[in-house]
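Colleague: Take these sequences, add in the hints, and give me the full structure.
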Amino acid sequence: MAKFRKKKSGGQTAINTASLPDIVFMLLFFFMVSTTMKEVDMKVQISPAEATEIVKLEKKELVTFIYVGVPAKKFQSLYGSEPRIQLNDQFATVPDIQSYIAQARDNMKESDQPKMTTSIKADRECPMGVITDIKQALRKAAALKINYSAAEKVEVR
Amino acid sequence: MGKRDVQEVNAGSMADIAFLLLIFFLVTTTMDTDTGLARLLPPMQEDQPDDTPPIKERNVFSVLLNSNNQLLVEGKPMQIEQLTEATKEFMENPMDLETLPEKKEVEVEFFGVQMLTKGVISLQSDRGTEYQAYLMVQNELQRAISELRQDLAKRKFGKEYDELEKEEQKAIRTIYPQKISEAEPKNIGGKN
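Those protein sequences? They're chains A and B, same order as listed.
In terms of the numbering used here, the first sequence has 127 at position 127, counting the first letter as 1, and numbering is strictly consecutive.
In terms of the numbering used here, the second sequence has 170 at position 170, counting the first letter as 1, and numbering is strictly consecutive.
To be clear, the hints were calculated from the coordinates, so they are not data collected in a lab.
Treat the hints with care, since some could be wrong.
[Stated by the list, open to error] Okay, the calculated beta carbon distance ranges per label pair:
1. A:A142 / B:V27: 21 to 31 angstroms
2. B:R173 / A:K115: 15 to 25 angstroms
3. A:L78 / B:D16: 49 to 59 angstroms
4. A:Q12 / B:S13: 42 to 52 angstroms
No residue lacks a Cβ here, since even glycine has one placed at the ideal position from N, Cα and C.
Modeller: Here you go:
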């Protein structure tokens, strides 16, 4: 018994916290890397349109994105300078949308499938013709909930 | 010069700094939420015979947008700034004018029997219309409807629309429905 008491009398020893910063930095790097990893590599140039009556897109896993815009400079020699559609990481045409939507829907949980939203991210100068074609394709694919992507605009009225 | 003791740097605050950075990145990465205007597309009709009765002309608020981003509302050119007011007048029809939409009596929760408008907004664009112009029109239409809802919420419940209960919001939505029909496109402008 006396053995134990003797040890305690030595005063409280501080825990060595020298490695705590390292652990936290590790976490920090993990978050920094993993958050940028999810970004899609943009192949089209999009300067977002602006609106005031916007709503937030909640639950990212329910949202499928369709990007529309002029191909980036380095792709223009290959794809021209007319607005093009980008699905995931590659250029696509309107007929590709149906299979893209079907695939996105398959990847979802069955309970989430009716809540699926498609967000059309188009460049502000993009003509409506392309977007109308996309809308028709989405109607065919029965993806009826859409969202015209727009950034918040400061009120001028 | 005597040999000095090497002073140890106090690393206790290092963790705090790192935590601060960590929190900063956590917050900023989630801040980038996507926003936009939500719409519902009409389902595709597979060559069905169209047996729905045609909507009367006075019940349709036709908004046309041409390839030069010019507005034509109910057959007259209009500036985008006036669209919200025009839409509100159309939806409300306060004087029961002949030219504005008909109304029908409907029983609504909290409100009792109400005269509801039969009006439908029809938005048609050209293939050459700029996306931004189209979105601005959608935005103004949306603004008109949400302002009407907001006014009604203030008058009836004395609260903002967003602060109301689900059922109360639903009642207001029944009175001012968001009936925006995006008609099939036409290629009139000649561009594109």
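Colleague: For this structure, which hints from the list above don't hold up?
Modeller: Failing hints, ascending: 1 and 4.
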